[in-house]
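**Q** Sequence:
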Amino acid sequence: MKDTLKSMILSAARRAHEEGILPCSDFPEVVLETPKVEAHGDFSTNFAMVSASIQKLPPKKIAQAVLDRLEDTRKWIQRVEVAGPGFINFYLYPSAWHPVLEAVHAQGRQYGAANLGKGRRIQVEYVSSNPTGPLHVGHGRGAAVGDSVANILSFCGYEVQREYYVNDSGRQIETLGRSVFFRLKALLGQSVPFPEECYQGDYIRSLAKEILQAEGDAIAAGTDADGIAFCARYAAEKITAQMEEDLRRFGVTFDRWFSEQSLYDAGKVDQTLAQLQAKGDIYEKDRAVWFRSSAYGDEKDRVVIRKDGQPTYFASDIAYHKDKYERGFETVIDVWGADHHGYIARMKAAVEALGHSKERFKVILVQLVNLLRAGVPVAMSTRAGEFVTLREVIDEVGKDAARFLFLTRHHESPLDFDLELAKKQSNENPVYYVQYVHARISSILNKGKERGVEEASFSREAASKLLVPEEIRLLKALAAYPEVVRQSAAFMEPHRITFYLMDLAALFHAYYNKHRVLTDDPILTRARVSLVFGVKEVIRNGLSLLGVSAPKKM
RNA sequence: GCGCCUGUAGCUCAGUUGGAAAGAGCAACGGACUUCUAAUCCGUAGGUCGCAGGUUCGAAUCCUGCCAGGCGUACCA
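Sequential numbering from 28 applies to the first sequence in the numbering used here.
FYI, nobody ran anything at the bench for these hints, they're computed from the structure. Among these hints, one or two may not hold up.
Here are the computed lysine-lysine pairs in the DSS-like style, where the Cα-Cα straight-line distance is at most 27 Å [as the list claims (entries may be wrong)]:
| id | residue 1 | residue 2 |
| --- | --- | --- |
| 1 | Lys295 | Lys265 |
| 2 | Lys265 | Lys236 |
| 3 | Lys102 | Lys33 |
| 4 | Lys579 | Lys451 |
| 5 | Lys295 | Lys236 |
| 6 | Lys579 | Lys541 |
| 7 | Lys33 | Lys83 |
| 8 | Lys426 | Lys450 |
| 9 | Lys29 | Lys87 |
| 10 | Lys327 | Lys312 |
| 11 | Lys375 | Lys312 |
| 12 | Lys102 | Lys63 |
| 13 | Lys474 | Lys579 |
| 14 | Lys426 | Lys451 |
| 15 | Lys29 | Lys503 |
| 16 | Lys145 | Lys385 |
| 17 | Lys63 | Lys33 |
| 18 | Lys503 | Lys492 |
| 19 | Lys295 | Lys375 |
| 20 | Lys450 | Lys579 |
Distance windows between CB atoms, simulated [said to hold, decoys possible]:
| id | residue 1 | residue 2 | range |
| --- | --- | --- | --- |
| 21 | Lys579 | Lys451 | 16 to 24 Å |
| 22 | Gln514 | Glu419 | 28 to 36 Å |
| 23 | Lys579 | Thr546 | 17 to 25 Å |
| 24 | Gln134 | Lys476 | 19 to 27 Å |
| 25 | Gly324 | Glu46 | 23 to 31 Å |
| 26 | Val403 | Lys145 | 47 to 55 Å |
| 27 | Ala517 | Gly324 | 23 to 31 Å |
| 28 | Lys88 | Lys451 | 54 to 62 Å |
By construction, the Cβ of each residue, glycine as well, lies at the ideal position given by its N, Cα and C atoms.
Input sequences plus hints: build the corresponding full structure.
**A** Shown next, in the form of structure tokens:
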């Protein structure tokens, strides 16, 4: 609809030019927007104001010239006016909105989909928490954002792969092994000191107990080094499996769990460093090996091999990203916690040094989550093993409420997550507000079916009965959905969907309270059933992009 | 010190990428259930968009400089 109006405006302007009223044949792109105030019409364009400097004419004069030459072949426009400093405002007939409903009915689950991606391959990597402890709330936000971005991109025509990078190598895994090993020793009755840098949480003791029961004798008989290595492998696998299960319950599943260790096993870290070395981007200084990231915009060079000979995390991360591009992804998206933002410049530098455009690497930074209970901050410290796990949050407030609340903020603003609020089944909790629309409409449709109303049918005759302002508002909102999805994909901002759904829900609840869907007039009833069915479809579609269910009953 | 993010109603936050008079929810106050789900709705009240300049027809939005908060600034990950 917008596109049709845009081309109407442009051809009117061209005619004005041919008639010699507008001197210049150069026209800006027509931007149509929905005014904030309903009194300013259904659509509005600043075309005349933007053209003013090119045409060297007052905006109002240009607007009038365009307005006089509009050819409304579809009979949509009830009234056009020049307003304010030179806006052209369009007031449409209710019938202009009826085709929207036809599109929603025809496209169903696909309504709102776009083909921005044109099948291009894109990878979203998210969560990627070290397998040294359980997932906590902060990871939950990253999971919700990453998963939703993946859903949205997939809905918009990208071929999306979801990946979890498992840091199953290096120092922190060794620390994990030692932590479990020392706890196990203690269980064996040996008094050993428990180093401060080791993980303190209770889950370490549980793991030690498990190993003791299964492999206790072998561990006791073997060397400490073997014992630590065994504990490390066992614990990392076990924790990874638990994370996978937690995420599954959170509605998040990955196409691939990518092991950091596998990069070393396949010699890919060495290969990658050799490639950079061949380009002259690697050098030795102070007995360590450095990557010349400052040549690619980073503030300084970075160590890739420490002087003790051990590669840094960054070294394998470069190899990992090289591997991603070799797997054929055109764009690679990493979802990181905001505390990693200092890492972006060096990773971008690495991507560029590997010969890929920086544009092909994007980072979504997700800000911290402050966990509250009834307004009081809940203390969290990973070191001390005091934290609220994602699993506890899911158990306490449910998957839907948690995922929805994580997406009620722009991902770059910090989020207060209140456990009590999340559990509240009231207006304070937006997830129920939106889901309630779906449940209410489902209920209406059931009642309608009992009375013999066909739910999914659309007819132009019936649709023409949709005339009250609340109905037009709903139709306009449905019409806006595809644009919201596109923007959400373009900016990788799922919260746009969340806010759209809350707005649509508000419009529906207002309509519901003012008008009855099932009336004595069969044609009007059919029209309204058809409308609310459309609303239900869009609510369900939107919620599914957020990974939230759309219940038929509440 | 430098870098990134954030400052919008009492609180929590949106703001269509530069548009018209600034938008919700919560909290406060007053109303609406014999009706398709009241987990809902209607109404009232609430603002120097951190501050100061600049860019132009027009700024919460872009630029510069301050102020405040968070995070980062490892041969940790």
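**Q** Can you confirm whether the C-alpha distance between Lys102 and Lys33 stays at or below 27 Å?
**A** holds (15 Å)
**Q** When you check the alpha-carbon spacing of Lys295 and Lys375, does it fall within 27 Å?
**A** holds (19 Å)
**Q** For the pair supplied as a hint, Lys265 and Lys236, is the alpha-carbon distance within the 27 Å limit?
**A** holds (13 Å)
**Q** Lys295 and Lys236 were given as a pair; does the straight-line alpha-carbon distance stay at or below 27 Å?
**A** violated (36 Å)
**Q** Between Gln134 and Lys476, does the C-beta distance stay in 19 to 27 Å?
**A** holds (23 Å)
**Q** Please verify whether Lys29 and Lys503 have alpha carbons no more than 27 Å apart.
**A** Holds, because 12 Å separates the two Cα atoms, which is no more than 27 Å.
**Q** Kindly confirm whether 47 to 55 Å is satisfied by the beta carbon distance between Val403 and Lys145.
**A** holds (49 Å)
**Q** Please work out if Lys295 and Lys265 have their alpha carbons no farther apart than 27 Å.
**A** holds (26 Å)
**Q** Does the structure keep Lys145 and Lys385 at a Cα separation of 27 Å or less?
**A** Distance of about 21 Å is within 27 Å: holds.
**Q** Between the alpha carbons of Lys579 and Lys451, is the straight-line distance 27 Å or under?
**A** At roughly 20 Å apart (the allowed maximum being 27 Å), Lys451 and Lys579 satisfy the hint.
**Q** With respect to the beta-carbon atoms only, verify the hint that Lys579 and Thr546 lie 17 to 25 Å apart.
**A** holds (23 Å)
**Q** Is the hinted pair Lys63 and Lys33 satisfied, with a Cα-Cα distance of at most 27 Å?
**A** With a Cα-Cα distance of about 19 Å, the restraint between Lys63 and Lys33 holds, given a limit of 27 Å.
Comparing the model with each earlier hint shows violations of hints 5 and 25; every other hint is respected.
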